[in-house]
Amino acid sequence: MQKLRFKSVKKKGDQITFFNVKDEDIGHLVWVNYAVSTLNGAVAAFLAIQYHIFPLKLIIYVYIVAIAANLLLHLLLIIKAKKLAKDFALLLLALVNVIGLTAIIHYFPEARPSTVLVYIPSIVFSAIISLSFGITTSAIVVLAFAAQVICESLALFPYRNSPVDVAGLGLYWQIALGVSFMFLMILSFLSNYFAEVLRRREEQIKKANIALKNLINQVNKEKDKVSQEKDKTEAILYGIGDGVFAINRKGEITVFNQVAVAISGFSEKEAIGTRYDQIIKFIDEKTGQTNNQFIEDAMAEGVVKKMSNYTSLVRKDGEKVPISDSAAPLKDKQGQVIGCVVVFSDVTKERAIDKAKSEFVSLASHQLRTPLSTTNWYAEMMLAGDVGKLNQGQKKYLKEIYRSNQRMINLVSALLNVSRIELGTLAIEPELVDLIKMADSVLAELVLQINKKRIKLTKDYHRQMPKISADPNLMRIVFQNLLNNAVKYTPAGGQVGLSIRKEKYGILIKVADSGYGIPRSQQSRIFTKLFRADNVQRKVPEGTGLGLYIVKSIIDQIGGQIWFESQEGKGTTFFVVIPLTGMKKKAGSKKLNPPKA
Amino acid sequence: MMNKIEKKILIIEDEESILQAMIDKFSRQGFEVIKAVNGQDGLSSALTEHPDLILLDLLLPIMDGIDLLKKLRADKWGKSVPVIVLTNLSEARKVSEVVDIGIDDFLIKTDWKLEDLVKKVEKRLGV
Numbered sequence: 001m002q003k004l005r006f007k008s009v010k011k012k013g014d015q016i017t018f019f020n021v022k023d024e025d026i027g028h029l030v031w032v033n034y035a036v037s038t039l040n041g042a043v044a045a046f047l048a049i050q051y052h053i054f055p056l057k058l059i060i061y062v063y064i065v066a067i068a069a070n071l072l073l074h075l076l077l078i079i080k081a082k083k084l085a086k087d088f089a090l091l092l093l094a095l096v097n098v099i100g101l102t103a104i105i106h107y108f109p110e111a112r113p114s115t116v117l118v119y120i121p122s123i124v125f126s127a128i129i130s131l132s133f134g135i136t137t138s139a140i141v142v143l144a145f146a147a148q149v150i151c152e153s154l155a156l157f158p159y160r161n162s163p164v165d166v167a168g169l170g171l172y173w174q175i176a177l178g179v180s181f182m183f184l185m186i187l188s189f190l191s192n193y194f195a196e197v198l199r200r201r202e203e204q205i206k207k208a209n210i211a212l213k214n215l216i217n218q219v220n221k222e223k224d225k226v227s228q229e230k231d232k233t234e235a236i237l238y239g240i241g242d243g244v245f246a247i248n249r250k251g252e253i254t255v256f257n258q259v260a261v262a263i264s265g266f267s268e269k270e271a272i273g274t275r276y277d278q279i280i281k282f283i284d285e286k287t288g289q290t291n292n293q294f295i296e297d298a299m300a301e302g303v304v305k306k307m308s309n310y311t312s313l314v315r316k317d318g319e320k321v322p323i324s325d326s327a328a329p330l331k332d333k334q335g336q337v338i339g340c341v342v343v344f345s346d347v348t349k350e351r352a353i354d355k356a357k358s359e360f361v362s363l364a365s366h367q368l369r370t371p372l373s374t375t376n377w378y379a380e381m382m383l384a385g386d387v388g389k390l391n392q393g394q395k396k397y398l399k400e401i402y403r404s405n406q407r408m409i410n411l412v413s414a415l416l417n418v419s420r421i422e423l424g425t426l427a428i429e430p431e432l433v434d435l436i437k438m439a440d441s442v443l444a445e446l447v448l449q450i451n452k453k454r455i456k457l458t459k460d461y462h463r464q465m466p467k468i469s470a471d472p473n474l475m476r477i478v479f480q481n482l483l484n485n486a487v488k489y490t491p492a493g494g495q496v497g498l499s500i501r502k503e504k505y506g507i508l509i510k511v512a513d514s515g516y517g518i519p520r521s522q523q524s525r526i527f528t529k530l531f532r533a534d535n536v537q538r539k540v541p542e543g544t545g546l547g548l549y550i551v552k553s554i555i556d557q558i559g560g561q562i563w564f565e566s567q568e569g570k571g572t573t574f575f576v577v578i579p580l581t582g583m584k585k586k587a588g589s590k591k592l593n594p595p596k597a
Numbered sequence: 001m002m003n004k005i006e007k008k009i010l011i012i013e014d015e016e017s018i019l020q021a022m023i024d025k026f027s028r029q030g031f032e033v034i035k036a037v038n039g040q041d042g043l044s045s046a047l048t049e050h051p052d053l054i055l056l057d058l059l060l061p062i063m064d065g066i067d068l069l070k071k072l073r074a075d076k077w078g079k080s081v082p083v084i085v086l087t088n089l090s091e092a093r094k095v096s097e098v099v100d101i102g103i104d105d106f107l108i109k110t111d112w113k114l115e116d117l118v119k120k121v122e123k124r125l126g127v
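Keeping their order, the protein sequence lines are chains B and X. Heads up, the first sequence stops at 597 in this note's numbering, and the numbers go up one at a time, no gaps. Heads up, the second sequence stops at 127 in this note's numbering, and the numbers go up one at a time, no gaps.
In short, the hints are calculated from the structure, not lab data. The beta-carbon is built from N, C-alpha and C at its ideal position, and this holds for glycine as well. Don't take each hint at face value.
Short, incomplete list of chain B residues facing chain X, as computed with Cβ under 10 angstroms [what the hints assert, rightly or not]:
| no. | residue |
| --- | --- |
| 1 | S365 |
| 2 | L368 |
| 3 | R369 |
| 4 | T374 |
| 5 | W377 |
| 6 | E380 |
| 7 | M381 |
| 8 | A384 |
| 9 | D386 |
| 10 | L390 |
| 11 | N391 |
| 12 | I409 |
| 13 | V412 |
One chain only, chain B, in its complex shape:
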């Protein structure tokens, strides 16, 4: 007894009840019906032949069709057609049976009783088939069959002597069976249909529930993750020694850390949600003008921007704090700028130390220059023979003194320049400068060394070179340092090339040499103060390590660019771009001293 065929299904919390007919139940019914129909056909055929009843052909055809239909539909069930299709198939099956039997009765009224003769065994046979398949028919079906058998037997009893009549009566029962089948099928079809609808709906709800649960889980997980991230970020932000604030695309502050609070004097509460430029005022120390451009630039260009030197932050109480600062854009996954992080630190102490240091250097340099001038001039006069002719030995020694003194003068000049650049007291006083003329005059100063080392000098100048607005003093320092280096660091017989060309983006100055080159490992430090590459330190002991630092500082201050390509043992090429707009005037208290070659 494995299954109930027609189950009354009552769902919890659900008032609707359905007959739930299972697929395999229908399948077994079909087997039964199939067997019955086959026997019916055989009986009908037998009777028709026995009693010469016509039209014989029609009967046989109808049964053949009925059986074929049964077979076909059964096959359909076996290959597991869709559920609704199966129900429909069974409906058709029953219909075909009914039509077939109706046809028999219609055409053979006299054959009716005799049909029953084989009908009873057919029912028994059906039951045996059902059981032999290990199938237990449901109570309804078993009862229906039993009732049918009993009723048929009773009804046929008066006609037990007339086989034809008995067979005919059997046909009526067959009709009844067919109708009941139809009814069952319709019931099953409908119940299956609604059960399916309900099931699907339930499934949908279940799926929706699961999806919702998953979603909630995921949201919770994400929430946890985000809050963990947030905790982490906050820990980092608060632990950091610099002031940090972040702004969104609208410029509203979204993050404002403790150090930012300490430096600015604004509380986190006051800052969050406020447009940053309403409370954060970075100003240029010299002009006192608001200088938030680097933040706007970082947002507009999507790259990290440092603020210009000598910037102060105006505190809430109006006090100015010198700071150093940078702004980095925040980007989403698509690379769109969605805000900006600004990091700044209080550099009051550093600034004071720097100032003291630079002022000391400046003062010391002035004081150093007096004895240097003395030595310089007396040595010069002695070498010129002003106080009598010197012998070879005296001349040689004095030349050494003179040269060393010159080196010291250059060093002091360079130190002074560095202190000026670092002190921010560098003045830029632009005037119209003929760069080619200037370059030539610097080369003229170097002509002795160029000739002495038999260096081949090549010049490539743009024909119609416009005069550009530049500080001649600064420009000269740039040329002097680059050309001096090229000559100094190129061995005898080498080559030095100077090219000055007007390009779309500015004036491009190229100084190329076939010299010692800069070792790859030291290239990143070449513009740092007091740095000299190992290879040239050995070959050329003179040098302050300040030249390129000064050049870079000047180029940075005038908004130009400088870079180089170098290969050790092959040579170096320096590239300088001076903006076509020229230098902008900058008030300053000090000028740079061009080093004397």
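Starting from the structure of chain B, add chain X where the hints point.
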């Protein structure tokens, strides 16, 4: 060598060794050289001696070079006398201050050979 005796220059410099170097060089070149070691003496020497050219240091005792220059330029004669500032101060503020008052040149001592300085003076005086 001694053929430029007609030109008189005044050197105002407080640093003895530097002053002496210049006196020696310019004298050897045939200039008549007068000296002053502070601003006050320098101004009075200038106004009484009327040199053809003045070499002026800026950092001077008693009266500094800038004050001296101002007073000199206020004088009828001193208004037009050529003055070359020769100093080791190279602050732009100072440079522009003396340039505004009126000078002929501004030279950094360490950057100049004496020989070239003499040439510069000769050129300025047209000798």
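A quick look at each hint next to the structure:
1. The interface hint given for S365 (chain B) is met, as the beta carbon of that residue sits about 8 angstroms from the closest beta carbon of chain X, less than 10 angstroms.
2. With its C-beta approaching chain X no nearer than about 9 angstroms, L368 (chain B) sits inside the 10 angstroms limit, and its interface hint holds.
3. The interface hint given for R369 (chain B) is met, as the beta carbon of that residue sits about 4 angstroms from the closest beta carbon of chain X, less than 10 angstroms.
4. Below 10 angstroms, beta-carbon pairs count as interface contacts, and T374 (chain B) has one with chain X at about 4 angstroms; its hint therefore holds.
5. For W377 (chain B), the interface hint holds, since its Cβ comes within 10 angstroms of a Cβ in chain X; the closest pair sits about 4 angstroms apart.
6. A distance limit of 10 angstroms between C-beta atoms decides the matter here; for E380 (chain B) the minimum to chain X is near 6 angstroms, and the interface restraint holds.
7. Hint on M381 (chain B) holds. Least Cβ distance to chain X is approximately 6 angstroms, under the 10 angstroms limit.
8. A least Cβ separation of about 7 angstroms between A384 (chain B) and chain X falls short of the 10 angstroms threshold, and the interface hint therefore holds.
9. Given the 10 angstroms rule on beta carbons, the hint for D386 (chain B) holds: about 6 angstroms separates it from the nearest Cβ of chain X.
10. Here the hint on L390 (chain B) is broken, as its CB sits about 16 angstroms from the closest CB of chain X, past 10 angstroms.
11. This hint is violated: N391 (chain B) has a C-beta 21 angstroms from the nearest C-beta of chain X, more than the 10 angstroms allowed.
12. Taken as an interface hint, I409 (chain B) checks out: its beta carbon lies about 5 angstroms from the nearest beta carbon of chain X, inside 10 angstroms.
13. Look at V412 (chain B): its Cβ gets to within about 7 angstroms of chain X, closer than 10 angstroms, so that hint holds up.
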